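*Asks:* Produce the complete structure using the sequences and hints provided.
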Amino acid sequence: MPVIKADLDLCQGYANCVMEAPKFFDINDDGVVVVLEEEFPEGSRSRVEAAVRSCPVSALRIEE
Amino acid sequence: MGSRTVVVGASVGGIKTVQALRSQGYAGELIVVDAESHLPYDKPPLSKGYLNESLGRDRVNLISEAEINSLVIDLKLGVGAKKIDVAGNEITLEDGGRIGYDNLIVATGARARLSPWEAKDGVHLLRTLDDSERLRKDFHGARSVIVVGGGFIGAEVAAAARHHGLEVTIVDPLEVPMGRVLGDPVGRLFIKLHHLNGVATHFGNGVEAITGSKGDLTVELTDGRLLYGDLVVVGIGAVPNTEWLASSGLLIDNGLVCDEYCRADGQANIFGVGDVARWFHPKRKELVRVEHWTNAVEQAACVAHNIVNPSNIVSYAPIAYVWSDQYDWKIQIAGETARVADFVVVEDPSNENRFAAVYVDHSGNFCGVVTVNWPRAMIQCRRLLENETDISRPLNLLNDLLPGKAK
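So the protein lines, in turn, are chains A and B.
Residue numbers are given in my numbering: position 64 of the first sequence equals residue 64, and the series is strictly consecutive.
Each position in the second sequence, counted from 1, maps to that position plus 64 in my numbering.
Read the hints as simulated data drawn from the structure, not as lab findings.
Any given hint could be a false lead.
No more than 20 Å apart at the CA atoms, straight line, and that leaves these computed lysine to aspartate or glutamate pairs for DMTMM-like [as the list claims (entries may be wrong)]:
hint, chain 1, residue 1, chain 2, residue 2
1, B, K201, B, E117
2, A, K23, A, E42
3, A, K5, B, E117
4, A, K23, B, E450
5, B, K278, B, E197
Since the model is a prediction, treat every value here as computed from it, not as a measurement.
*Replies:* Following this line, the structure appears as structure tokens:
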């Protein structure tokens, strides 16, 4: 299954990913992204891609 | 589904639309045209990290060349669109070339409002990558800068200039410039932030004239006071790029007027996205034009959906979200924070640089929130804005997030 990768150094806590796909992303007390489920099924692809696209600092990517 | 979608403008909205189209399964031809020659670039860093030189050029790219190739996007840079023939489903480029379309995306964005004051040189605007690079370069030879406009751009330029070690003065005709967005009581906290960072402010005072040249500029205020600086940056808003649409017959009124589905008024296959689009917001029941990054991204996703699913189109009713980096404050704003009835500030006693303000509308509902250096509080409150609730829920939530409280 494809896997979500987050660059924790780039993350600024804008949290657009949480708005797009709360099942897969959260923000911790330090204001940094937490990937709740790394692997995702094909059925969730467009939602995860929307979350990746919504990151203002390109801290997220999908690894096939 | 049409076989060719043409996007005019390699802006945030334009590029995010083609990415969203492919993500949602659009298999047709995708052409993007733009007057600028740069590879598509992002805007927010131009007044923040790129301007203060903490981010390199690679962090300003909006899309990589590899992705342009893998998504099969025909990117035509360096030649803008001159006009649309709506009846003929065709655009004409500045060089006379013509491109037919099945769907057209208007994503030409907005440009910085020009300075009405003329000086020989040394007066900057900030909107494009070239603008940001010119300003960065001039920061190096300067000792002082006067920033005209105390909104987001002005405040971010001031912060970046302080980062470069310059002496900074900000001028704005409003007593509380950030009050436009956050209301005066909360807006005043941002004036204090300028002062704490050694920036002088002249608020409640307009500019009468700017004279001189780079290294020796004089700004005359409406009260007669004279300010002297090596550079001036004018950040007084943006205007939508709609001139090329003038002959189209499309309705233009402070942007391309669109319906709630982001379709140009009366058109089934022309869509507006980003700073240039003034669409009918179905919850606010009025036309709105929003110049925020997240709006362009969300509107792009809506437009892509409506192109891919013409029999199941959705209206666009976003909850506004914007951020700003000013000095050591990471500011995040969601929902409605200007036209409100009341607000409550919640401070973190363990961190004087962290607080939130929650806003209530005239019906007594929670309607907006601003946080400073508190991303977790922001996202939790922002999600509450999706449904109607009174203010007790965000307040309880914020109190629970304060240190020492059970998680």
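*Asks:* Compare the structure with each hint and give your call.
*Replies:* Against the structure, the hints:
1. B:K201 with B:E117: holds, 10 Å
2. A:K23 with A:E42: holds, 15 Å
3. A:K5 with B:E117: violated, 27 Å
4. A:K23 with B:E450: Holds. K23 of chain A to E450 of chain B sits at ~16 Å (cutoff 20 Å).
5. B:K278 with B:E197: holds, 16 Å
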